[in-house]
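Novice: Construct the entire structure; sequences and hints are all you get.
Protein chains in written order, with my numbering: chain A, 1 to 196; chain B, 1 to 582.
Hints were generated in silico from the structure; no laboratory data involved. Please note that a few of the clues may not be correct.
What the hints assert, rightly or not - Far from chain B by the CB rule (all over 10 Å, computed), these chain A residues: (1) Pro-40; (2) Lys-62; (3) Lys-69; (4) Leu-89; (5) Lys-104; (6) Val-118; (7) Asp-122; (8) Gly-130; (9) Asp-163.
To be verified - In silico DSS-like links for lysine-lysine, alpha-carbon gap of 25 Å or less: (10) Lys-62/A / Lys-314/B; (11) Lys-69/A / Lys-330/B; (12) Lys-330/B / Lys-62/A; (13) Lys-69/A / Lys-327/B; (14) Lys-62/A / Lys-308/B; (15) Lys-363/B / Lys-311/B; (16) Lys-208/B / Lys-69/A; (17) Lys-363/B / Lys-62/A; (18) Lys-30/A / Lys-330/B; (19) Lys-69/A / Lys-340/B; (20) Lys-308/B / Lys-170/A; (21) Lys-203/B / Lys-69/A; (22) Lys-3/A / Lys-203/B.
We treat Cβ as the ideally placed atom computed from N, Cα and C, and that holds for glycine.
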Amino acid sequence: MTKQEYTITVYTENQIGLLNRIAIIFSRRKINIESLNTSPSEVDSVHRFTIVINETEDVVRKLCRQIEKQVEVLKAYYNTNDEIVWQELAMYKVPTEVIASSVKVERLLREHGAHTVVIRKDYTVFAVAGQREETDKLIKVLEPYNLIEFVRSARIAIIKASDGFHEKLKEFEYREPGEDAIENEFLNENEKVFSM
Amino acid sequence: MEALLIEKENKSATPAIQVSGSVAVLEAFLAEGVDTVFGYPGGAIMPIYDALYDYNDKLKHILVRHEQGAIHAAQGFARVSGRTGVVFATSGPGATNLVTGLADAMIDSTPVVCITGQVFAHLLGTDAFQETDVINITTPVTKWNYQVTDATEIPAVLARAFYIAGSGRPGPVLIDITKNAQLQLFDYNGYQKCEHIRSYRPKPIVRKEYIQEAAQLINAAERPFVIFGQGVILGKAEKEFQKFIEKAGIPSAWTIMGMSAIPTDHPLGVGMLGMHGNYGPNVLTNECDVLIAVGMRFDDRVTGRLDKYAKQAKIIHLDIDPAEIDKNVKATVPVWGDCKETLPLLTELVEQKVYPKWLQLFKDYQQKEVEKVIQEELNPTGEVMTMGEVIKTLNELTKGDAVIVTDVGQHQMVACRYAKYNKSKSNITSGGLGTMGYALPAAIGAAYGDPSRTTIAIIGDGGFQMTLQELGTIMQFKPKVKIIILNNQFLGMVRQWQQLFHEKRYSFVDITSPDFVQVAKGFGIPGKSISKREELKTSLQEMLEQDGSFLLEIMVGKENNVFPMVPQGRGVAECVLCREEI
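Specialist: Here it is, written out as C-alpha cells:
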C-alpha cells in the first residue's frame, strides 16, 4: 500500500487535554502531523479537528479507531483529497514601497487572487486562501520583491459527501445508540461519508 | 463538559447541604460501593485524608509503603473481585509513582480509579512544591483523566470516572484534584451514578449478520480452534463461553490473561498460548481452518511472527474494543460487542459437534511435550528442585482453589504453565506490561478482593526485591498473603535469553539476595528457606496452614530454562521444545 495524503476529521467534545490525547496517538507511532486545525463545527458544543497526514490507508484506518476510542471523541472520518473540498489561508508581508513602485507586483497579486488585509506606510499584508500549490507559488513570486514575512494556516476541509453532524449527534445522545452511530467499516461502503 | 456537569447536578431533587470537596469524594466512593482504598498521604491530598478520618468505619484504608504498591494492590483487588480498585496518592512524586501501575492497568484492562492531590489551582504551572503535570504525564496510560479545580465538579466527575473505568473495555482513570477544590465548601445535591456519556460507547452494537457469518464458518469447519483472553473474565462471560465451546465441541486454548476463565482441566481446554505456552496450541494455530478469537488482542507474545501466523485460517474475532479488530491480525468476520451478549447468540446458531480426531492431535502434541519437557520439569531426576515441581506440589495441596499472583519472569511462565485452577479470576499476573515487582502488592490487594480465598504470591528473587517494602503493609494490616520466592539466584528469564541468544554472555543477571527469611522476620512475618525436595511438601503445607502470612523461600535450579519456547521473530509453528532445537 502506498502512502498518500489523508485528511482526518474528528468530531469531539470541547475538553482541555483532548488535543494532547489525540496528538500522542500520532507521536507514539512516530507519525508526523502535516497540519492540524481545531475549530467549532456545524453543531453547537461539538468541536472539530482537521488533521492531515501522509500515510497508507491501513495505518490511517487504525489511527482513526484509536482516536475514536478516546472517551471524548464522537466520531473520526478519513478522506483522500478528492473526497474533500479543502483550503488553507496564507498571509504575506511585503514592503509597501515595492508594491507602490512596481506595476508587475500588483498584477501578480491580482492573478493569484490575493486580497489586501492591511496597508501601512512601511509594509502591506496580503492574504490568499487556496490549496498548497497556489499559496506556495505566490511565495516564489514575491521572494524577489523582499517578502518580509510568510505564514500559512492549517488545512480546513469540508467532506463532499457529508450531511453534517446534526443527525448523527442525535444518535449519540440516545442511551442506546442506533446503528448509524456505530458504522462498521467492514461493510466498506464508500457511498456516503466514508466513515471509519 | 462543564455545561453537561451543571445540567446533571440540577436534575437531582435532594436538598442541598454544604460539604467540602473532600467529603464529596468519599461520598462518591460509598455510593459506588467502594469499601477498600489503597493509598499514601501527602501534602496536597491532606484535606481528603482529613475527611477520611471520619469515614474510618465505612472505608478501609490500607496504608502502603510506596504508591506503586497502592496501585498494584488496587489492580490485584480489581482482578480478584471484579470490582473497581481505588487509590489515593499525593501530588508530585506520589502521582508519578503511580505511572507504572497505570501503564500496567491500561494494557491489562484493569478497572482502577486513582485520586491524586494537586497543588492549589492558583499555583498550577508555577513549579510549586510537589507540583507535577500529572494529567499530561498520565494521558498515554489512562483510559480517561481529568483535573478538578472546583469542588462543584467532583460528584459528576467521579461518577464519570467510575463509569468509564468499569464499563466497556475497563481501564485506569486518574482524577487530579487541586487542594483548594478539596477544601472548598459547596452545595452538595447528592450523588448520581453516571450511565451515559454521549461521546463514549462502551459496548458496540452487536451486528447479527456477522454472528450468522461466524456461525456458518464454524459449522462448516473441520478443524476449528478457539483462543480466548481476559475478555471472557472481564465480560463475566465464563458460563456463556463454556456453553459455547461445549456445544460447538471446539478445542480451546487460553492466553495468559484468559487463564482460569474455564477450569484448567476442562476436557476441551488444550492449554496456554504464547511464547512459553503449550506446544500443541501454538503449532496447531497454523493448522486449524477456522480460528475463533474471543476477548483477546493478538499480542506479539501470542502470535510470534505475524506473517507466519494462522495464514491458512479464516479468523473470527470477538472483541468489545473496535480498535482491536484488524489491529494485528485481519479478521475474516469481526464480531464486535460484549462477549456476554455475542457468545449466547453464536451458541444458538452453532451445531452441536465433536472433533475427536482434531482434539486427539492436541493430545498427541501434549504427549510430545510431556516427554520432552513436562515429565522432567514436574518429576525431576536431578538433585536440585525445579520450579515446576513446586507448582505441582502446590496444586496437590490447594486442589486448584487458590488465587495465584505471579510476578514476571521464569517463575511466572512456569506457574502459568502448570498451576491448576477451578475458579475464574484465580490467575493474577502482569501480562501486557510485564511489571517486575507487581506480585507482592497485587497479592495484598487480591487478599482484600476476596478474603475467603487463599492468596499465594509466587515471586522470583529479582522481582521480590523491587517491591519488598510492602512487607510493611502486610505487617501492619495483616492480609493473609502466602509468599513463595522461587530463588534461582539469577534474573532467570534474561539469563535464559543471554544463554540462548547471546552466547551465554551473562551480563548483569547474577543477582545477590538478602536473607529473605530474616527480612520477613524483621517485618514480623514467619518464614522458612528450603533447598531439599524432602522438605517441599511439608513446608508448603506449613505455609498454607499458617494463620496469616508466611514467606517460603525455595532454592531451585540456577540455570533451568523454560520450554517450550517460540523464539522471538519466529512463527508459532516453529515452537521449540529444547535448546538443541533453536
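Novice: Checked against the structure, which of the hints given earlier come out wrong?
Specialist: 2, 3, 17, 20, 22
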